[in-house]
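Protein chains: 2
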Amino acid sequence: MKYIDKLRNSGLRPTKQRLQICKILFDVEKTFHFTINELDQKIKKQIGNKISLATIYNTVHAFEKKGYLKQIPINSNQAYFDTNVTDHHHFYDLKDEKLIDLENSDVGPINILKKINGKKIKSVEVLVKLED
Amino acid sequence: MKYIDKLRNSGLRPTKQRLQICKILFDVEKTFHFTINELDQKIKKQIGNKISLATIYNTVHAFEKKGYLKQIPINSNQAYFDTNVTDHHHFYDLKDEKLIDLENSDVGPINILKKINGKKIKSVEVLVKLED
DNA sequence: CACCTTTTTAGAATCATTATAAAGTAGATC
DNA sequence: GATCTACTTTATAATGATTCTAAAAAGGTG
Ligand SMILES: [Mn+2]
Ligand SMILES: [Mn+2]
Ligand SMILES: [Zn+2]
Ligand SMILES: [Zn+2]
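From first to last, the protein sequence lines are chains X and A.
So for the first sequence, the numbering used here puts the first residue at 2; every next one is plus one.
So for the second sequence, the numbering used here puts the first residue at 2; every next one is plus one.
Any given hint might turn out to be false.
Remember, identical chains collapse to one label, so a pair may be satisfied in a single copy or spanning two.
[Stated by the list, open to error] In the DSS-like style, the derived pairs of lysine-lysine whose C-alpha atoms are separated by at most 30 angstroms in a straight line are:
| # | residue 1 | residue 2 |
| --- | --- | --- |
| 1 | K121 | K96 |
| 2 | K46 | K116 |
| 3 | K51 | K121 |
| 4 | K66 | K24 |
| 5 | K51 | K67 |
| 6 | K17 | K51 |
| 7 | K17 | K3 |
| 8 | K96 | K130 |
| 9 | K31 | K130 |
| 10 | K3 | K120 |
| 11 | K71 | K130 |
| 12 | K130 | K115 |
| 13 | K115 | K71 |
| 14 | K116 | K96 |
| 15 | K120 | K99 |
| 16 | K116 | K99 |
| 17 | K130 | K51 |
| 18 | K46 | K121 |
| 19 | K121 | K3 |
| 20 | K46 | K66 |
| 21 | K3 | K115 |
| 22 | K96 | K120 |
| 23 | K31 | K116 |
| 24 | K45 | K120 |
| 25 | K116 | K17 |
It is worth saying that the hints were derived from the structure and are not from the lab.
With the sequences and hints as input, model every part of the structure.
Shown next, in the form of structure tokens:
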């Protein structure tokens, strides 16, 4: 009951819905990127039942807040999430509208020389747009 | 009649509305970042009259397509545009929800070591999120 | 001016996301 | 195990940015 503990330790009750979403998001070998609608589809397909969209939004946001998911800024149409929460970067294939991971080691160190008074850096993300 | 020519050369008729928007966007010393609503406010305030939101969207998208504006991916809430169309990067102040330019020279060369088969790189953008 | 095309516009439609509020559930207590 | 309470889920409505529509207005050309 790996996810039950994970949720409890985060102060989130391990409900049936949250456990199902955990299974889909984290019980796979590879991390992946998804939109809320894609997750909704995946739940219907893999679990069989449906989870209310409101619950899916709530859960994804709760997981994001706890650091189990990351949101990737791509465009203003819809939110993209990532189950890979390590520091890393992305390709974005403009034609397929798909994200591809770009590990830190594939980019090399990024040195931000400019400083902003009174602010500190929370994250540094590179987005590489791809075309044919 | 600098903007009349600019528009004509782009195959866009120099209408009153487009010229007014040009004036606001390009007739200033410094480039800046804006959302559609901020632009709408600015038009009302600086020009006095109002331009239909549909026209503002149309014009901004037309200018983006022509390369006179760039869209900056920040989050999925609303689109941010930039009158600075040179290659550059951004700070995003999470508290103030404001963009700050980060010139290429403030970041240093970014070497993308990973290649994706059949795709070529269109742009490389760094987003540095700031917190207090 | 007459004609044709592009553009503007108000308003409706769309779509992702968030809010609401009622019903259900988990976990604690007895 | 029944009871209680806070948390969660859910259907549904509301919101807000963006896009669509279709009719009116304006630009450009001869
Ligand atoms: Mn969010
Ligand atoms: Mn657009
Ligand atoms: Zn990723
Ligand atoms: Zn900028």
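Please write out, lowest number first, the hints stated earlier that are contradicted by the structure. 2, 3, 10, 17, 18, 19, 21, 24, 25
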